[in-house]
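Based on the sequences and whatever the hints tell you, model everything.
The residues making up each chain are set out below.
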Amino acid sequence: MSLIRRRFDALIIGAGGGGLRASLQLSRAEANVAVVSKVFPTRSHTVAAQGGVNAALANVLPDNWHWHMFDTVKGSDYLGDQDAIEYMCRVAPKLVYELEHYGVPFSRLDNGKIYQRAFGGQSQNFGEKQAARTCAAADRTGHAMLHALYQQNIRAKTHFFDEYFATDLIKNEEGAVLGAIVVSIQTGEAMLIEARTTLLATGGAGQIYRTNSNALINTGDGLGMVLRAGIPLQDMEFIQFHPTGIAGIGMLITEGCRGEGGYLVNGDGERFMERYAPNAKDLASRDVVSRSIYLEVKEGRGCGPNKDYVLLKLDHLGADTIMKRLPGIRQSCLTFLGIDPIETPIPVYPTAHYCMGGIPTNRKGEVVMPVKDTPEEPVPGLYAAGECACVSVHGGNRLGGNSLLDIIVFGRAAANEMIEHMKENRYRLPMNEASVEKAMDRLHRWDRKGEGETVDGLKEDLKKAMEDYCGVYRTQELLDKGVEEIGKIRDRLPNVYINDFSRTFNTARIEALELENLVEVAMCTVVSAAARQESRGAHSRVDFPKREDQQWMKHSLYFSEGDRMDYKPVRTKPLTVDSFPPKERVY
Amino acid sequence: MAVTNSDPTLASLRWQCRRGMLELDLFLQRFLLHGYADLNQQQKRDFIEILAFPDQELLEILLGQVSATEQHINEIAEKIRQCAAL
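Chains as they are written, first to last, in this note's numbering: chain G, 231 to 817; chain D, 15 to 100.
Take these hints with a grain of salt, some might be off.
[To be verified] Pair ranges (Cβ atoms, derived): (1) D:H48 / G:V807: 55 to 65 Å; (2) D:D52 / G:P557: 27 to 37 Å; (3) G:E358 / D:K58: 55 to 65 Å.
Think of the hints as simulated: they come from the structure by calculation, not from any bench. Predicted, not measured: the structure shown is a model, and the values here were computed from it. Every residue, glycine too, gets a C-beta built ideally from N, C-alpha and C.
See the structure below:
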């Protein structure tokens, strides 16, 4: 396999909202920018974000950035870094107006201002009345943002490598990142992109779970690249689950179904939430409902031939209510399950939705890691933004409307820092051929012929094991077993072979490369979860039900070498205002 | 579920069916497995044409929430929809 070499000032891996906001900033600063995306850019997962983007514009109700900051710190269960959160909330209005100028067609109020809707976790005056902070372009905000940013990039002459898959970062002996190896999916050719700065914006890794709400492309590619480069991942035990995904498919069934009077039943036809939450019943918080569903299935009271889901009953609501209030849900059930919820209950199971953890960065988007006595030493030349990064603004739990904000704020911030870095470091570092060779060897591994396991087989086992041992119900015993099981799956990886060695659109090879990333990320997630002996945000331990600030108000860092854990303090000091000290999180 | 390169067009299409939303992945992957092989040449061209639609518009057409202005797009959408619950 020949190796093509190209040189750019900046390499952006991933073309969702974070990557495109960064590339736009760089291209406008006249940097020579390459964006590598494994799918066509406007098919990135940002397109699925429907809700909106938070900014304290105060167009509907009184609001200011400090209240937004309070809500985000509280929502994070005090694991969020308060300097980054202050920065994000302060700059949010400016960047939303900027999006408006880029062409995002925000919905409007009668007075012409941007429409803002109320989301959970938003408050006025530090926890008092409900706020309305989420700016929306109907129910297609992510789609509108992605298309506007892509068009602006075309105008700014950003260079796109569409349908290229990035495999490994290239580093020198001192640890500086010099670019990456990428493969053209169309031709199978490998290419070395040398870059003075590299940004990872590869999105989440929901595909490590059997039931998840993510697109198939969310395989944690940037996370795998970082771990292989010897850089840790941060807070990976924090995965946001939604209690009612369609069983076996993962698609979200909105809480609105239960809000309208729908309820859950087990295989015995029992309305089981009455046992777990006698008062709130089916409207208990997401984590309580998720764990209850898990327990019903685990204790043999699930539904279906494998007893591996429960049922969401809506049929008692009547056809009129369902058609009027829940038409989208009915349409999805008719289309994908062939059932009509007016007559038949919906099979549901908790679905993995969002990764709060990721590549550790500071608020400038620089990737940071512990070096000797310094907990946050920047990795020269490497940056990260969006769901693959952990700034950390979401801490233990992300608030609705903050993910689209995260990608534009820190995509832009990282780009600004990359521009500064290039001003201060005017010369390209020499290429490290040993690192290139190592990356190419790893790629050639999939050219080996042999008999063994299949990619799909191992992937299925991995996703099932993550669901069984590292899902919504977490105990030391289960998590330790999970570490053991995922370890065994990792050991089986060298015995996986593909049987397609063609060059053109060899998707079997791409899926094998994705599998390697999934295995790395799954191991990181379960080891991090087994280590954190408290309940905080989305990480809910049955055997350690309380938040333990004294011992655990700190960020986890997982290194793949030796599956080693390390920790670093939460940045509790904001930039200009007083800290929000940890309090019990009550809504 | 890996597709070998005995049909390079199919291998290419398989990647075009990787989209930004789980719903579209389900629609399109299921259709490739259960419906694509039965299409005639014109219908295969129609399928390639519908794949060029932006994700959100494609989802709305496939869910039957909107109709395309071209009849052949609605016809291929109906075929995709029929495979979704398989």
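A quick look at each hint next to the structure:
1. Separation of H48 of chain D from V807 of chain G is about 57 Å and conforms to the stated range, judged on CB atoms against 55 to 65 Å.
2. Take D52 of chain D and P557 of chain G: their Cβ atoms lie about 31 Å apart, and the range 27 to 37 Å holds.
3. Taking 55 to 65 Å as the suggested C-beta distance range, the pair E358 of chain G and K58 of chain D conforms, at roughly 59 Å.
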